[in-house]
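K.L.:
Sequence:
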Amino acid sequence: MKIVILGKGKSGTTVLMHMVAAAFPECRLVPGGFRAHIRDRRKAGAAADSLVCKFTYNDKKGRSFDAVTRHIADEGYHRKIWVTRDPRDNAVSDALFRWRRRHGKSRRQFRACLSLVERKERDPRAVDFSEIYRFTGDRGGPETLEKMIANEHNRYQRMTDFVNGLGPDWFIFKYEDLVDEKFTALSEYLGREVVPTAELPREDQVKVRTKTYGDWRHWFTEEDVRVFEPVFAPYMELVGYDGGDWALDAEPTVDPATASLYMRRIASEGRFDRLRGVKERMGRLYGAAAGFVGRNPP
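Numbering (our numbering), first residue to last: 10 to 307.
Wrong hints could be hidden among the right ones.
What the hints assert, rightly or not - With a Cα cut of at most 27 Å, we get these calculated DSS-like pairs of lysine-lysine: (1) K191 with K89; (2) K191 with K11; (3) K89 with K220; (4) K69 with K156; (5) K220 with K191; (6) K183 with K11.
FYI, nobody ran anything at the bench for these hints, they're computed from the structure.
Construct all of the structure, not just a fragment, from the sequences and the given hints.
P.N.:
Put into structure tokens, the structure is as follows:
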């Protein structure tokens, strides 16, 4: 059995991957992008015919819908899952998670965005979410509001076109059903019972923020509704969200634990990961050098 899980970043693909893999213990778990998948295929040999893998759509990293479609066709997956999430919640999670390893961004940008988030914690109506989301673009940001809107519109237009073209052999799974632990329909599609995973690996635990949905109602302002409604509404209606429900919380609150403190933690974890990677590479180089020195001369 070969299963692929695909979705936008911060849509729950990692958590679902572990749950599906637990239901198929005979399958190899292959997280990561195309290069990781190719490396694993080479190592696994014939065993690679049984796998659960996941990709997140990302044009900048070479995982465009065209590239993903070609890969899926070439690989011949037996089960294909598209994971979707309310774009408004997805945007909030993405804006905060984007600071892991800082994604090429500077300390100055981090401090500027953090200051906005901390102001929003003190008074959620004082800062439009779109001002925070402008930092999710290229490393030269923040982007102008106009460029941010155009980029987001193009991204969701491509997602809408892709999902609209999916055949009956695909299963569309909502992040909200993941939170509510509604796995009956997914289990029927897979032919195995999917149950909640008790604990994620350490490297994936850091990605978890709220384990809930609807948080956007606290983050968005009336101006954000004006900005994002025409961008998100077509995709929302396609995948079954209520595109007419943009009601904001009457008394919005932004918890630092899932906002500024999460940003700090995610940035700190990224630095730890980089240092650990450097140590591992130095260890391999040292081992290779020691082996070379220890060889007998010709």
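K.L.:
Can you give the numbers of the hints that this structure goes against, from lowest to highest?
P.N.:
none
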